[in-house]
Structure formats: C-alpha cells, structure tokens
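Fit chain B to the given chain A structure using the hints.
Protein chains: 2
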Amino acid sequence: MGGGDEVRNKQVVLRQHVTGFPKEEDMAITTSNTIKLKLPEGSAGVLVKNLYLSCDPYMRNLMNAGTGMPGYLPNYTPGSPLFGYGVSKVVDSGSPDFKIGDLVWGITGWEEYTVISSTDGLTKIEDTSVPLSYYTGLLGMAGFTAYVGFHEICSPKQGECVFVSAAAGAVGQLVGQFAKLLGCYVVGSAGSKEKIDLLKNKFGFDEAFNYKEEEDLDATLKRYFPEGIDIYFENVGGKMLDAVLVNMKLHGRISACGMISQYNLEKPEGVHNLVNVVTKRLKIHGFIQSDHFHLYNQFRDLTLRYIKEGKITYVEDIAEGLEHAPAALVGIFKGKNVGKQAVFITRD
Amino acid sequence: MGGGDEVRNKQVVLRQHVTGFPKEEDMAITTSNTIKLKLPEGSAGVLVKNLYLSCDPYMRNLMNAGTGMPGYLPNYTPGSPLFGYGVSKVVDSGSPDFKIGDLVWGITGWEEYTVISSTDGLTKIEDTSVPLSYYTGLLGMAGFTAYVGFHEICSPKQGECVFVSAAAGAVGQLVGQFAKLLGCYVVGSAGSKEKIDLLKNKFGFDEAFNYKEEEDLDATLKRYFPEGIDIYFENVGGKMLDAVLVNMKLHGRISACGMISQYNLEKPEGVHNLVNVVTKRLKIHGFIQSDHFHLYNQFRDLTLRYIKEGKITYVEDIAEGLEHAPAALVGIFKGKNVGKQAVFITRD
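Protein chains in written order, with my numbering: chain A, 3 to 350; chain B, 3 to 350.
Hints may contain errors.
You can't tell identical chains apart in this list, so a pair holds if it fits in one copy or across any two.
Stated by the list, open to error - Pairs of lysine-lysine residues, derived as BS3-like cross-links and limited to a Cα-Cα distance of at most 30 Å, are as follows:
1. Lys214 - Lys269
2. Lys269 - Lys241
3. Lys159 - Lys241
4. Lys224 - Lys241
Hints listed in this document are in silico derivations from the structure and should not be mistaken for laboratory results.
The shape of chain A in the complex, shown without the other chains:
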C-alpha cells in the first residue's frame, strides 16, 4: 500500500434505472477507473479493499428512479457503482475505531476498493474462526434480520406454530433454525425441490413445501397448520400473504421483512384478506434490522456459540469474481440461488 499507489478499481455500475425484473445488462463492469490507495489528508473515514459482496432483495428497490425512501439507503445513480453490504479489509484509516488490516462488514461499493467516508454503519469483525463470508449473511445483515424479526418483533413462545416464506433464503433459513431452537413447530416454503430438501433435511424444519406446485395456498396452509399460524415471517408478499392472513390464529404476529415477489411488478398484487387483521387482532410489523443495532453483539455472540456447538448451519451460494456479481444479483429475483447469495472478490 506504500504511500498511496494508484491502482485500477474495477466496478459494477448501474447503467440505467430499472423497471420490472432487473437484467444483467442493467449493470456494467468498468475497469477504466483508478483509485489512490491513501485517504485524503484529514479524512475521518476508511479506505477498504472489498473481499465479499452480499446480494440482497432490498437492492432491487434502490434500482428504481427517484431518490429513494427517507431513512433508507438512497437509490443508485446511473453511471455510479452499486453499493450494498460486504466484507472488507481496511487499507487506510482516518478513524480512531479502525486500523489498517482490520476486517469489517457494512455498506460498501460494488468495486474493488471503496472510500467509506462515514464509518457509522461499519462493524469490526472480531471472530475469524468462521468463514469470512458469514459476515455477508449469517453473522451480518441477513442473520441479524432473522434474529430481530423473529425474537424482537414476533415475541415467540415455545410450542407456537411458525411459517416462513422464502425459507431457504439468506434470512429464512436462520429464522427456521431459531424457531426450532426455541421449540416451535416450523414450516417453510420455497420454490424448488432442492430447497425443500434443504429445509427438511439440513435446517430441520418440521415441514416444507414448494409453493410453485401448490394450486391453492390457502388449502396448503390449512394442511400444515390445521390449528392456524401464530407467527408468519413475511419475505414474499402478494398471494402468499393473502393465504396466510386467512390462516392466522387469534393474536397472530407477522413480521414483515420483505416482499420479494412484489419488487419487480409495476403494479403490485392486491391483498384481499386484510379484514382478518381486525377480526383476529393481528399485528403486522415492518422492520429493518438497523433500527435495532444495539442488539447486534448479543445476536452475534449467541449465533457464534450456536455455530460452534453445531446447532446452526448455513448454506451459501457464492459467485466467484466481481464480473459475476450482476448475474448473481439478478438471480435472486428468479430464485436461482440456493442459500445466501454472495460474491467473492479476493482473498485479502
């Protein structure tokens, strides 16, 4: 890193704002930019080398035109690199909290090197006895989302009946395992035979079904939950939510983490059964993990312990190389990934 060499900085940039399903061609790989491996004098940020990137459903929303939602990340700018969660190594630091060589996870650019001017959202990685990629998912945003959404938002109790959609995804697989560890009855839905096998045989869900093979989701849910659902961990929205509402128990809780089935539709599907919210006194609670970040260390310590005790397992789907990042990101909206989708850039 000596003294600020200027190096190539390969990037994934957004070509144009997206409507409908994103395509690989909505993004471009550019190799024309360079970056000086030294922060400008007086910077309070960090310069990082990116090792892993995370592909997450919320990124679809940032591809829309407009400035984005207040209190959320801003939308992407055509011609500029995408950004999202990643695992990175500090190359230069103007922050007293990070030193050169530190491993961190947080929001970074879809590029080889990124200057992160505010380190507020950056977390130092202390425990490297687990795969580093886990900090893009299991021990990062997705895992923490599962923890907050299940334990904090749903107030679960032993023996309750839990349904998780997109259950083989980055968040869902962990929600199911947390629920099993608490002694709940857990059913998951996913979109392929391979994923259903994972849910039942690897993650220990009590039951799992392929929603693409079910003609009547209401009847399907009645089959798996003859007494009704206490807790629904909502990742998909649309038709599934409609069927769930009819099958919720009195005082049921729905934590709304995402609605991936709706992100690419110009007009979202209508949800018709909301009257159940009144008659069954349901609680639907949208949340974002970062609002609960004071709980992160507690989550991380618990999850690390579970991993080491063999009580939690995690499946990742890792694309190799920044140039494969666009395909990996597009793939999650088609359900191509099996497990947490990440992109490997470089070892160190």
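Quick look at chain B alone, frame taken from chain A:
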C-alpha cells in the same frame, strides 16, 4: 315484575344469513313470543329490560353464514333475535354483582327483554348524570374502542399527524377529539357535507374532507399531510387504506379498528401498497376493545371528566322504537347515520 308475570317480548330476528349489503327484509319484527319476568330457580344470570340498542359495523359480520370467528361473538342464527351492545335495566338477578333496578351496558338481545346467562361482559352504570344513551356509544364499546385504539395501540405523541377515516362515526368522532386534546394535528374523512361540517365545527378537527368528492385519495392525503401521516385510525379499509399506506411516515402506526367498506363485498378490494409496511417499518395492529377491558374504568373516568368540562362532545343518531332497529342498522352501511347510531326502546 311481581312474581314473574308473562309478557309479550317483541324481537328483531334474523330471517336468513346475508350476502352483500344487508337489507331491512333480512330481519323481521316478531311479537308472538312471551317471556316470564322471573329467572329460573338457580340461575346465576340476569333478566333485563332493554332500553337502548347500539348499531355497530361488526354486526354485519355476524349476519354471515357459519359459526363466526373464534374469540369473537358467534354469528346470528336465522329465526333467533340479533344481539349487540345495549343499555338495559335489571329486572331479576341471580348474580351477586347486580340487583334489581341496576342499569347495565353490555351484550344483550334485540328484543324487549333478555335473559343474560353469563354476566361476564356486563358493566354496571354508576354515573347517570349524562344521557343513558351515551353508554351505547361514547361511554360504551365505541368510545372505549376509540380510547384503546388511539391511546394504547398507537402510542401517540403531542404534535403528531393523525388521520381518522369514518371520522364522524361512533368511534371516529372521539378519536379525533382525543387526538386534539393531546395536541395532535387531526384530519378526518367522511361521506357527506353535513358530516364534514360536524368534524370541523363541532369536533374540532383541523381539517376534514368528503372522500366521495375526491378523485385521487393519494393526492388528497398529500394535500393535508405534506409531511406524511404518523397515525392512521383505520375504520374503512380498501382504497383508503391503500392511499394511506403511500402517505405514512417512517415508523407510522395504524390501528385497525374496522374495515366497514369491505364488509358487504363478496370479494374484498385488493390493497396494493403493503410494501410500504416494510420500507417504512410500519406497524398495523388489529385490536378489539374487550381485550383491554382492564382499562375501562380509567377510560370512563377520564371521559366523564372531559364531558363535564365541556372538552368532549358527542353526536348521536337515535332511532325511536325497536321496529325501526333494522332500518337503523342497515343505514350505517350506507353512511346514513350522522354520529353514533342507536335505537331507543323504552324509558325504563
């Protein structure tokens, strides 16, 4: 009451289960039944004479076929009288909690006399310095619903922006006044000029609009809430809910009290904007006042004080005579009532 005279017991019975909008002809007045004005030996209930009946939107749901929702009242049985909230006078009592001559409010039959076998849901009326009819609304279920739904479910803070639909109804008018007393900015919607005048000039709402005259509810809400809505008190559902979701602020709260616009539709309208629940981390909470009944005395004392201090006002729409009860009930689904709809049966 001497020794158990047998008297005529006029009743409003359900003729058949209802689909779509209820009609007066779905109910019938019968005068052929008699009742003995004495409880059977060993009864732990009460025999009451009904003075006022309350017409409430939830009653539409009880007209459906089927047994009704668990944890709710059972559905009505064709050939039997309807039931609902009312104000009554105890004529005979087998309960240590009630004595002959006591005034009570709670669930009773749509008839002149009713035997109430379990007194669990019955509340003794202590303060009769206000109109007795208030215990069908302002000091009964509707008022308590406003209190619970606003103060308990929405966690309101001074200065927040509050929107109330069906704002001139039994619940809405009080929600708006509670919100004003807390120092909120309050806008209400209703369906006639007369109701809008009431909202602005009698109940002290900051603004009010006639939803029937608005072509684009999203634009309407943006006009009244340029910064967005903190709290929505949901009484109607459907299109209004859809427009509200787009206009909610981050961390907004929706207390779902009812969805009257949907009760008479065979297929409820689709709500398309639920993704806002995730992106804005909204809370939607269905509730029923009876789950919070431990707060009733607190509510009653506060509201009685406000009434006596002239800080709260209440508009009632009272039909005269049991034979007009079917029309009064049907009317609330057409928005014919101005204020709380009740039915007067007899003075004492």
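What are the numbers of the hints the structure violates, in ascending order? none
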